[in-house]
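A.B. asks: Sequence:
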Amino acid sequence: MKVFVVALLLMSMASCSDGQQQTKRQIQAVLSWSATADMALEARAKMLVTDSFTALTMERCGKEIAGLSKELPTSSQNLMDVAGRLTTIIGAAHDDIVSGRTGTVSQHLQDLRGLEAELKASSGAAQ
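In mature numbering (1 follows the signal peptide of the UniProt record, and there is no 0), the protein residues as written are -17 to -1, 1 to 110.
Note that these hints are calculated values from the structure, not bench results. Worth double-checking, as some hints may not be accurate.
Claimed, not checked - Under the rule of at most 20 Å between Cα atoms (straight-line distance), these lysine to aspartate or glutamate pairs were calculated in the DMTMM-like manner: (1) K7 / E42; (2) K7 / D78; (3) K46 / D94; (4) K46 / D79; (5) K7 / D64; (6) K103 / E47; (7) K46 / D78; (8) K103 / D34; (9) K7 / E99; (10) K46 / D64; (11) K29 / D94; (12) K53 / E101; (13) K29 / D79; (14) K46 / E99; (15) K46 / D21; (16) K53 / D64; (17) K53 / D1; (18) K53 / E99; (19) K7 / E54; (20) K103 / D64; (21) K53 / E42; (22) K29 / D64; (23) K103 / E54; (24) K46 / D34.
Just so we're clear, the structure is a prediction, and the values are computed from it rather than from any experiment.
Please put together the full structure from these sequences, using the hints given.
C.D. replies: Written out as structure tokens, the structure is:
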């Protein structure tokens, strides 16, 4: 009976650890897509890439972050909120670029970087 209880406890601990690892991987993936959006916006601000490239990149990054944020555990509400705001900023950047309002790129880039820092801080992710 003791062996069964010990085995059950070990399995529970491993399961929690796996869940934490999964959440950590999801956060790292969100940060990776956010960094991609950051690089594209910075390149656009410096006129190194076209509007169409930047718009496509923003669209893809937004979709990926939105999908990943839905997979975060509900216990990570703050992380889900930050990921949702990342999606909103990236979507706004996409819409502005598609509409020819490229003057807002710098503001979107600043907002994106602020949220990246917030996500790193609230998740404990290494910088």
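A.B. asks: Does D64 sit within 20 Å of K29, going by the straight-line distance between their CA atoms?
C.D. replies: Not OK: K29 and D64 at ~30 Å, beyond 20 Å, violated.
A.B. asks: For the pair supplied as a hint, K7 and D78, confirm whether the alpha-carbon distance does not exceed 20 Å.
C.D. replies: violated, 30 Å
A.B. asks: Taking 20 Å as the top limit, are the C-alpha atoms of K7 and D64 close enough?
C.D. replies: Since the Cα atoms of K7 and D64 sit roughly 16 Å apart, the hinted pair holds (cutoff 20 Å).
A.B. asks: When you check the alpha-carbon spacing of K53 and D64, does it fall within 20 Å?
C.D. replies: Given that 20 Å is the threshold and the Cα spacing comes to 10 Å, the pair holds.
A.B. asks: Is the Cα-Cα distance between K46 and D21 20 Å or less?
C.D. replies: Given that 20 Å is the threshold and the Cα spacing comes to 15 Å, the pair holds.
A.B. asks: Does the alpha-carbon distance linking K46 and D79 stay inside the 20 Å limit?
C.D. replies: holds, 17 Å
A.B. asks: Between K7 and E42, is the straight-line Cα distance small enough, at 20 Å or below?
C.D. replies: Judged against 20 Å, a Cα distance of about 24 Å means the pair is violated.
A.B. asks: Sort out whether E99 lies within 20 Å of K53, counting only the CA atoms.
C.D. replies: holds, 18 Å
A.B. asks: Would you mind confirming whether the straight-line C-alpha gap from K103 to E54 stays at or under 20 Å?
C.D. replies: holds, 18 Å
A.B. asks: If you draw a straight line from the CA of K46 to the CA of D78, is it 20 Å or shorter?
C.D. replies: The hint holds at about 14 Å.
A.B. asks: Run the distance test for K53 versus E101: straight-line Cα separation, threshold 20 Å.
C.D. replies: Roughly 18 Å between the alpha carbons, so the hint for K53 and E101 holds.
A.B. asks: Can you confirm whether the C-alpha distance between K53 and E42 stays at or below 20 Å?
C.D. replies: holds, 17 Å
When the structure is compared with the earlier hints, violations turn up for hints 1, 2, 8 and 22 and for no others.
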